[in-house]
Amino acid sequence: MYNLAETTILRQRISNLNGFCFTIDIDWASEFAIKNILDFFEENNIPLTVFSTHKSHYLEEKLSTTGLDVGLHPNFIFPSTQGNTIDTVIDYCHQLYPYAESFRCHRWYSSNDIYDKLSRCGLKYESNICTAFNLLPPFIHRSGLISFPTFFEDGAYLYHQLDLDFKNTEYLFSSPGLRVIDLHPMHFAVNTPYFKYMRDIKDRLQPSDWNNLDADNIKKLRFDGLGIKDYIQNLVEYIHTNKLPVFSLKEIYRKII
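Heads up: the sequence shown begins at 1 in my numbering, then just goes up one per residue.
Some hints could be false.
Cβ-Cβ distance ranges computed for the label pairs, FRET-style [said to hold, decoys possible]:
| id | residue 1 | residue 2 | range |
| --- | --- | --- | --- |
| 1 | K243 | T88 | 44 to 50 Å |
| 2 | N44 | L136 | 24 to 30 Å |
| 3 | N211 | N44 | 25 to 31 Å |
| 4 | F139 | D209 | 38 to 44 Å |
| 5 | N84 | T131 | 30 to 36 Å |
| 6 | S175 | P98 | 36 to 42 Å |
| 7 | N211 | D163 | 41 to 47 Å |
With a straight-line Cα cutoff of 25 Å, these simulated SDA-like cross-link-like pairs (lysine to any residue) come out [what the hints assert, rightly or not]:
| id | residue 1 | residue 2 |
| --- | --- | --- |
| 8 | K124 | L135 |
| 9 | K117 | K62 |
| 10 | K117 | Y97 |
| 11 | K202 | K243 |
| 12 | K167 | K124 |
| 13 | K35 | H54 |
| 14 | K62 | L96 |
| 15 | K124 | E101 |
Simulated from the structure, these hints should not be mistaken for laboratory data.
Keep in mind that this is a model prediction, so the values were computed, not measured.
Note that CB positions come from ideal geometry on N, CA and C, so glycine has one too.
Kindly produce the complete structure, drawing on both the sequences and the hints.
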């Protein structure tokens, strides 16, 4: 619950936010793909928020040794491997990380009931709205949770076949504001060049094969030309070159409460 006085203070703090938040939707990726993307951001000293769909041994290792921020990634599109009802999906995800404070729903699926139930589990903020390069400031959702709209999602970027030469879109990242970036381990590992490229791979594989793609198999699938991994690497280089601030969602949330 919240009151009008509290929302006034929050709005003032939110209006001054600036920087980048990199987030990862695990989406049942293989251990190799998860390790590949987490290692890249660790090597580049970029804090992350990871929205997890399932237990990953490598993610567990990183959570125990680093300050990695983890949130829930429930799938309410049935049939779901996480449960048969909204309540069982929430229970499954909450048991994975009972200390999590944030969520993003798979495919952005949500409802008022879902928000209310997740709020009662102790979650405090989310990043569950996807824009197409719209620089929307965080806001207070009707549930009382703080919402951090997503500025860039790799899947949507690929779906709309947008320019993968970062220099041609650099201007989109230059103005002040908070930019939440949403990435997926498999797109990063395969260096997806367009959306159907990944769709065709998934359609050829059984779910168990997808979940267990190792380094050798991913090497065979990896696109050698300009792809989304190249774009993200250039974005990270741009951030370092210009000394732009980067935070986890938890760090941003802590700044405004």
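Outcome of the hint check:
{"no.": "1", "hint": "K243 / T88: 44 to 50 Å", "in the structure": "holds (46 Å)"}
{"no.": "2", "hint": "N44 / L136: 24 to 30 Å", "in the structure": "holds (26 Å)"}
{"no.": "3", "hint": "N211 / N44: 25 to 31 Å", "in the structure": "holds (27 Å)"}
{"no.": "4", "hint": "F139 / D209: 38 to 44 Å", "in the structure": "holds (41 Å)"}
{"no.": "5", "hint": "N84 / T131: 30 to 36 Å", "in the structure": "holds (32 Å)"}
{"no.": "6", "hint": "S175 / P98: 36 to 42 Å", "in the structure": "holds (38 Å)"}
{"no.": "7", "hint": "N211 / D163: 41 to 47 Å", "in the structure": "violated (32 Å)"}
{"no.": "8", "hint": "K124 / L135", "in the structure": "holds (22 Å)"}
{"no.": "9", "hint": "K117 / K62", "in the structure": "violated (28 Å)"}
{"no.": "10", "hint": "K117 / Y97", "in the structure": "holds (16 Å)"}
{"no.": "11", "hint": "K202 / K243", "in the structure": "violated (38 Å)"}
{"no.": "12", "hint": "K167 / K124", "in the structure": "violated (36 Å)"}
{"no.": "13", "hint": "K35 / H54", "in the structure": "holds (15 Å)"}
{"no.": "14", "hint": "K62 / L96", "in the structure": "holds (15 Å)"}
{"no.": "15", "hint": "K124 / E101", "in the structure": "holds (5 Å)"}
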